[in-house]
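Undergrad: Could you build all of it, start to finish, from the sequences and the hints given here?
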Amino acid sequence: MGRPNSTPATFRVSFSGRLSNAVSVSPNAPLPPFRRPTPVAPATPVIPIPQIPQNLSDTAIGRDMAADRKMIQTTLATIQAKVAELSRQQAANLDGLQNAAVELALTIAVQLLHREVSADEFPVEAMVRDMAAELVNDTPVTVWLNPDDLKLLERRLGGQRLLSGDDPKLVADDSLQRCECRVEGGNGSLVLSDPTRHLQEIRDDLLRNLADARTARTA
Numbered sequence: 052m053g054r055p056n057s058t059p060a061t062f063r064v065s066f067s068g069r070l071s072n073a074v075s076v077s078p079n080a081p082l083p084p085f086r087r088p089t090p091v092a093p094a095t096p097v098i099p100i101p102q103i104p105q106n107l108s109d110t111a112i113g114r115d116m117a118a119d120r121k122m123i124q125t126t127l128a129t130i131q132a133k134v135a136e137l138s139r140q141q142a143a144n145l146d147g148l149q150n151a152a153v154e155l156a157l158t159i160a161v162q163l164l165h166r167e168v169s170a171d172e173f174p175v176e177a178m179v180r181d182m183a184a185e186l187v188n189d190t191p192v193t194v195w196l197n198p199d200d201l202k203l204l205e206r207r208l209g210g211q212r213l214l215s216g217d218d219p220k221l222v223a224d225d226s227l228q229r230c231e232c233r234v235e236g237g238n239g240s241l242v243l244s245d246p247t248r249h250l251q252e253i254r255d256d257l258l259r260n261l262a263d264a265r266t267a268r269t270a
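Numbering-wise (this note's numbering), the sequence shown opens with residue 52 and increments by one.
FYI, nobody ran anything at the bench for these hints, they're computed from the structure.
Glycine is no exception: its CB is placed at the ideal position from the N, C-alpha and C atoms.
All the given hints hold, so there is nothing to weed out.
Have a look at the derived ranges for each label pair, beta carbon to beta carbon:
no.	residue 1	residue 2	range
1	131	151	27 to 33 Å
2	125	93	53 to 59 Å
3	224	162	22 to 28 Å
4	162	207	20 to 26 Å
5	115	258	53 to 59 Å
6	125	256	44 to 50 Å
7	165	140	36 to 42 Å
8	141	177	42 to 48 Å
9	119	93	45 to 51 Å
10	259	215	35 to 41 Å
Here are the computed lysine to any residue pairs in the SDA-like style, where the Cα-Cα straight-line distance is at most 20 Å:
no.	residue 1	residue 2
11	202	246
12	202	226
13	220	203
14	220	233
15	133	269
16	202	212
17	121	132
18	133	145
19	202	244
20	121	131
21	220	210
TA: As structure tokens, this is what we get:
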């Protein structure tokens, strides 16, 4: 008994993906040998490289850096100005202290001189001898003193000679202040002594030297 005639079945097949190496054959044809597809390595992902801006100042970081740099420069300039001002103030203070020291030294010296005079301790004989020594071979010598200093001289000498040669002529002069002395030689040579004025001259010389030193320091 023969088989009944049958109609070949028809199938519809759909593929969700793309077929690779697919071969179309007739229904009665033998299947071609199976070929395993060659594995394909997955593509290496491309990681985008961030682009560095050519002008950093156009970025927020660049603007922040510029602001910080400006702030630092401003701060440094302020510090430098303060240091310079402090240096000037210290120099001015030092100058003032130096001047004050000179004035104080003069005041103390004058006070000591007046104290010696008031206590009749001023070495008037030494002053007269030093002045007379400047009039070498110019005799006779005449000495003018304040009346109180003349009395002090006589007390301090106690009868001793004033000079090694001829004693000078001693004259009281009311126009002379205490510690002032005028010595005149026989030929008209004249020597004047004023300890207070001499101290003032020393003071003026010191202040002038200090001023010159400051000028040289700032030049």
